[in-house]
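Q: Spelled out, the chains give:
There are 2 protein chains.
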Amino acid sequence: MEAIRHRVTIDAPITAVYEQLATREGIASWWTRDVRGESRVGGDLAFWFGGSEPAAVMKVVELVPPRRVAWHCIQGPDDWRDTTQTFDLREEDGRTVVVFTHGGWREPVEFLHHCSTRWAYFLLSLRSGMEGGKSTPWPEDEKVDIFG
Amino acid sequence: MEAIRHRVTIDAPITAVYEQLATREGIASWWTRDVRGESRVGGDLAFWFGGSEPAAVMKVVELVPPRRVAWHCIQGPDDWRDTTQTFDLREEDGRTVVVFTHGGWREPVEFLHHCSTRWAYFLLSLRSGMEGGKSTPWPEDEKVDIFG
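Protein chains in written order, with my numbering: chain A, 350 to 497; chain B, 350 to 497.
The shape of chain A in the complex, shown without the other chains (with noise of 0.2 Å):
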């Protein structure tokens, strides 16, 4: 299996930075500004970046505030599908690190390289924004490929 793998540090407390990443007005913040669903264990989270249907679902399988959040992906691009998301944070000389896996790809396809610079940029995006800087959420990303 393969991973994609990030960590950012946030100077933020744990508390902020967790409910960025467990409710859905806290992720339209920094990933996609169309995100639909329930954040709570069990239900469904939709992800939308334009056209006719979201680029992914996900089950929220984990919510322990205010250290870990999991997903499982159950629809979107072959590729992801049962892939899993987790965010682990922790504190650290006051500030909060975020340790993002997106594991349980079965390939090292072209397209796991593509999110991988893709995660960066939005988790940068987090970053930013809790620092009192610019978040880029979609669609106010800047584009880092041809599959936008």
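Hints are supplied without guarantee of correctness; some may be wrong.
[Claimed, not checked] Simulated DEER-style distance windows between Cβ atoms: (1) A:E387 with B:G386: 53 to 59 Å; (2) A:P426 with B:E489: 32 to 38 Å; (3) B:E441 with A:P457: 16 to 22 Å; (4) A:K483 with B:E489: 14 to 20 Å; (5) B:R416 with A:P362: 46 to 52 Å; (6) A:A365 with B:E374: 38 to 44 Å; (7) A:P362 with B:F398: 28 to 34 Å; (8) B:V458 with A:E456: 21 to 27 Å; (9) B:E441 with A:R439: 38 to 44 Å; (10) A:V458 with B:F398: 44 to 50 Å; (11) B:P457 with A:D431: 16 to 22 Å.
[Said to hold, decoys possible] Not everything, but these chain A residues come out facing chain B in the computed CB check (under 8 Å): (12) M350; (13) A352; (14) H355; (15) V409; (16) V448; (17) R455; (18) P457; (19) E459; (20) L461; (21) H462; (22) S465; (23) T466; (24) A469; (25) Y470; (26) L472; (27) T485.
Hints were generated in silico from the structure; no laboratory data involved.
Note that beta-carbon positions come from the ideal geometry of N, C-alpha and C, so glycine has one too.
For this one, chain A is given, so just place chain B on it according to the hints.
A: Below, chain B alone, put in the same frame as chain A:
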């Protein structure tokens, strides 16, 4: 073995992108301003980010204009020792696709998460600089987290 994978598409000719990866001056424009050594097959490149020794030294193992640059890490963080960095380039719709892989990690340590986000940041720096924006090599980079 674990790997960091990224992809960016750059609106610039493949030969120009190749130069940014295959020459010391090119690398200095997007990764670190302080690159020392010789970018020739068999030569060593030392990448400095301040401090009293280079953060990493890579042996240049492949230079295939304008398609591929490959390095092998011979000195640096323990986790980087004997890892490889490859940049594969191709033209697509008048733009240049860069597929990056930092392979050969023995374990999915948290430092891999950190480096993955940092590589994305610097590949986006490369892209931005080539598209008329601002590139952000060290020391002009934004610190992604506590290990700088």
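Q: Each hint needs a verdict: does it hold in this structure or not?
A: These are the hints, each one checked on the structure:
For E387 (chain A) and G386 (chain B), the hinted distance range of 53 to 59 Å is satisfied, since their beta carbons lie about 55 Å from each other. Judged by the Cβ atoms, the range 32 to 38 Å given for P426 (chain A) and E489 (chain B) holds: they are separated by roughly 35 Å. Judged by the Cβ atoms, the range 16 to 22 Å given for E441 (chain B) and P457 (chain A) holds: they are separated by roughly 19 Å. About 18 Å separates the C-beta atoms of K483 (chain A) and E489 (chain B), a value consistent with the hinted range of 14 to 20 Å.
Under the hint 46 to 52 Å, the C-beta atoms of R416 (chain B) and P362 (chain A), about 47 Å apart, fit the expected range. At about 42 Å, the beta-carbon gap between A365 (chain A) and E374 (chain B) stays in the expected band of 38 to 44 Å. Against the hinted window of 28 to 34 Å, the Cβ-Cβ separation of P362 (chain A) and F398 (chain B) comes to about 29 Å, which satisfies the hint. Take V458 (chain B) and E456 (chain A): their Cβ atoms lie about 23 Å apart, and the range 21 to 27 Å holds.
The beta-carbon spacing between E441 (chain B) and R439 (chain A), approximately 40 Å, falls within the hinted interval of 38 to 44 Å. Our hint of 44 to 50 Å for V458 (chain A) and F398 (chain B) is violated, since their Cβ atoms are close to 32 Å apart. Restraint check, P457 (chain B) to D431 (chain A): a C-beta distance of roughly 19 Å satisfies the suggested window 16 to 22 Å. About 10 Å separates the beta-carbon of M350 (chain A) from the nearest beta-carbon of chain B, more than 8 Å, and the hint is not met.
Below 8 Å, beta-carbon pairs count as interface contacts, and A352 (chain A) has one with chain B at about 7 Å; its hint therefore holds. Here the hint on H355 (chain A) is kept, as its CB sits about 4 Å from the closest CB of chain B, short of 8 Å. Evaluation of the V409 (chain A) hint against chain B yields a violated restraint, the C-beta minimum of about 22 Å exceeding 8 Å. Taken as an interface hint, V448 (chain A) checks out: its beta carbon lies about 6 Å from the nearest beta carbon of chain B, inside 8 Å.
Among the interface hints, the one on R455 (chain A) is violated; its C-beta lies about 14 Å from the nearest C-beta in chain B, farther than the 8 Å criterion. Checking P457 (chain A) against chain B by beta carbon gives a least distance of about 6 Å; that is within 8 Å, so the hint holds. Because the closest C-beta pair between E459 (chain A) and chain B is about 6 Å apart, less than 8 Å, the hint holds. For L461 (chain A), the interface hint holds, the least distance from its beta-carbon to any beta-carbon of chain B being 6 Å, beneath 8 Å.
The beta carbon of H462 (chain A) is positioned within 8 Å of a beta carbon in chain B (closest approach about 4 Å), and the interface hint is therefore held. Evaluation of the S465 (chain A) hint against chain B yields a held restraint, the C-beta minimum of about 5 Å falling below 8 Å. The interface hint given for T466 (chain A) holds, since its Cβ lies 4 Å from the closest Cβ of chain B, which is under the 8 Å cut-off. A least Cβ separation of about 3 Å between A469 (chain A) and chain B falls short of the 8 Å threshold, and the interface hint therefore holds.
Evaluation of the Y470 (chain A) hint against chain B yields a held restraint, the C-beta minimum of about 7 Å falling below 8 Å. Interface hint status for L472 (chain A): upheld, as the beta-carbon distance to the closest one in chain B is roughly 7 Å, under 8 Å. Interface restraint check for T485 (chain A): the shortest CB-CB distance to chain B comes to about 12 Å, outside 8 Å, so the restraint is violated.
Comparing the model with each earlier hint shows violations of hints 10, 12, 15, 17 and 27; every other hint is respected.
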